[in-house]
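Novice: Residue numbers (the working numbering), protein chains in the order written: chain A, 815 to 1024; chain B, 1206 to 1493.
Honestly, I wouldn't trust all of these hints.
Claimed, not checked - Sample of chain B residues facing chain A (criterion: CB under 8 Å; computed from the structure):
| no. | residue |
| --- | --- |
| 1 | A1251 |
| 2 | K1259 |
| 3 | R1266 |
| 4 | T1313 |
| 5 | T1317 |
| 6 | G1320 |
| 7 | G1336 |
| 8 | L1337 |
| 9 | A1339 |
| 10 | P1364 |
Unchecked claim - A few chain B residues that don't get close to chain A, going by computed Cβ distances all over 10 Å:
| no. | residue |
| --- | --- |
| 11 | E1240 |
| 12 | V1262 |
| 13 | E1272 |
| 14 | S1300 |
| 15 | T1346 |
| 16 | G1385 |
| 17 | V1388 |
| 18 | G1425 |
| 19 | K1450 |
| 20 | M1485 |
Claimed, not checked - Cross-link-like lysine-lysine pairs, in silico, DSS-like; alpha carbons within 25 Å at most:
| no. | chain 1 | residue 1 | chain 2 | residue 2 |
| --- | --- | --- | --- | --- |
| 21 | A | K1000 | B | K1294 |
| 22 | A | K940 | A | K990 |
| 23 | B | K1486 | B | K1312 |
| 24 | B | K1217 | B | K1232 |
| 25 | B | K1294 | A | K985 |
| 26 | A | K905 | B | K1343 |
| 27 | B | K1232 | B | K1312 |
| 28 | A | K971 | B | K1419 |
| 29 | B | K1273 | A | K944 |
| 30 | B | K1232 | B | K1342 |
| 31 | B | K1486 | B | K1423 |
| 32 | A | K944 | B | K1217 |
Source of the hints: derived by calculation from the structure; they are not laboratory data.
Cβ atoms here follow ideal geometry from the backbone N, Cα and C, with glycine treated the same way.
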Amino acid sequence: MFELTRTIKYEADRVKGFGREVTSVPGCENLETCIQCGTCSGVCPLSIYMDYSPRQVMALVRSDFKNEVLRSHTIWLCASCYACTSECPRKIRITDIMYELKQRAMHEGIYPRKFPIPVLAQEFTKMAHKRGRVTENFLATILFLKTNIMAALGMWKLGLGLLTRGRFPLKWESIKRRSELDGMMKTVDNISIDALPQAQHHGHKHNGGH
Amino acid sequence: MKYSYFPGCSLKGTGRAYEESIIPVMKALGAELEELDDWNCCGATAYMAVDEVKACVMASRNLAIAEKAGNPEVLAPCSACYLVLNKTKHYLHDSPPVAHVVNQALKTANLTYSGNTPVRHPLDIIVNDIGLEAIKKKVKTPLKGLKVAPYYGCQMVRPYATFDDQYNPTSMDRLFQALGAEVVRFPLKTRCCGGSLTGTLPEPGLLCTYIILKEALKRGADVVATVCPLCQFNLDAYHDQIAAKWEPARIPTVYFTQLMGLAFGMDPVQLGLQRGFVAMKPVGQAAA
């Protein structure tokens, strides 16, 4: 009638040093003190949809199961509501660890491909960088065209509703001094944060796109 | 008092009604909002997922422009902007390497950041600085009989909880009582609305939204009040999808500033109330 399945993870598939790398990122240090109480999974409004619960992600990171974590849906389902961070008895900044894992998954290109969430993050970032501001309705349009054209067609009624209510701007929002912002970002690209004297930023090796 | 006003992208687009209501309401309370010159996107949750340091650079440009503007405080009505700007202040304070990179980037734009300009949410300013007594004096048409579900969402109260409790905030509850409304008990007041998931993965995203709307209806609320443009959008714009997936859960969702404006006797259209997908009944008829 029904089938019970179980995913087996092998010790030999671990990527030695991954856990240490993540816990050395400023803000992620407390992960080492996790007592696996599961409060994070209990308060998370999205854990019922996750392949690994937040508690499991904490354990997997600490035990170097890099591939399992970076390919998981969990890190992308986190909507940054900070409920886990607020409730964690060990004061682990779980939301920030999820951000760190998202960055790593994106940098290594191993996030689940069919997931529209990383695409949204990338398109959002591109638009914010280029224009200085985000025009939400255009961002949503680009997202749907890139990920799911059928869903875009299904959204015509919502778009029309926004339009008639004056909530769908027809021109791009941009800042005036776009070159100023671009110059700032180029400065970041030219600094290696890990080469800085006080840097304990092992976690930002992938920063800056170089 | 004059504030540097950081609207953020939503208040110029889908969340226009928030801006349309906050400016006249703050003006009525003697506060002037001066829009930050050439402000840019705060980075929101998306930028943090791609590149944390660049996300801090985006946010810090705004913080530096605000310092240049010289007003003592920044007012950020959008919860995501409020969180990201404050989070960046924490990062710059806690992480010297991040601060170093950010300062180098600011230098190329002839900007500096000292950390002396607080970023505050209008609800904080309204309840704690202006005060409920001053607000009561401005009420012309009390919201008698209106049952409000106060929905705070997540990013205004978490993780920093600078001005209210992160599990059971009460600022808005007390504000609506001062306006003459009835506040329903609403234990889901800080539960996640689904954030941007409503647009990317409807099943988990819209379930978050549906649960909040359904709970508000079960509690007998006439209206849900929000402090965040994304919460307002999620609770207001997806009723068709929610009805198709589960069942109709139609209840209007408005900004807390719109309810304040109504109590101050302002015109509903001036406050942007016509922009909602579910119309709010005129106060007085709501209880009928």
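Novice: None of the hints should be skipped; say for each whether it holds.
Specialist: Consistency of the hints with the structure:
1. A1251: 4 Å, holds
2. K1259: 6 Å, holds
3. R1266: At 6 Å from the nearest chain A Cβ, B:R1266 passes the 8 Å test, so the hint holds.
4. T1313: With Cβ-Cβ at 5 Å, under 8 Å, it holds.
5. T1317: Violated: closest Cβ of chain A sits about 13 Å from B:T1317, beyond 8 Å.
6. G1320: 17 Å, violated
7. G1336: 27 Å, violated
8. L1337: Since the shortest Cβ distance to chain A is 26 Å, the answer is violated.
9. A1339: 31 Å, violated
10. P1364: Given a least distance of 4 Å, the restraint on B:P1364 holds.
11. E1240: At about 12 Å from chain A, B:E1240 clears the 10 Å cut-off, so the statement holds.
12. V1262: 6 Å, violated
13. E1272: 16 Å, holds
14. S1300: 5 Å, violated
15. T1346: Since the minimum Cβ distance to chain A is about 25 Å, B:T1346 lies beyond 10 Å and the statement holds.
16. G1385: 28 Å, holds
17. V1388: 23 Å, holds
18. G1425: 23 Å, holds
19. K1450: Fine: 12 Å to the nearest Cβ keeps B:K1450 off the interface.
20. M1485: The assertion about B:M1485 holds, with a minimum of 14 Å to chain A.
21. A:K1000 with B:K1294: 22 Å, holds
22. A:K940 with A:K990: 17 Å, holds
23. B:K1486 with B:K1312: Cα-Cα ~52 Å, so violated.
24. B:K1217 with B:K1232: Satisfied, since the Cα-Cα distance of roughly 19 Å is no more than 25 Å.
25. B:K1294 with A:K985: 32 Å, violated
26. A:K905 with B:K1343: 43 Å, violated
27. B:K1232 with B:K1312: Status violated; Cα separation ~35 Å.
28. A:K971 with B:K1419: Measuring from Cα to Cα gives roughly 23 Å; hence the hint holds.
29. B:K1273 with A:K944: 24 Å, holds
30. B:K1232 with B:K1342: Holds, at roughly 14 Å.
31. B:K1486 with B:K1423: 18 Å, holds
32. A:K944 with B:K1217: Holds - the C-alpha atoms of B:K1217 and A:K944 are around 18 Å apart, at most 25 Å.
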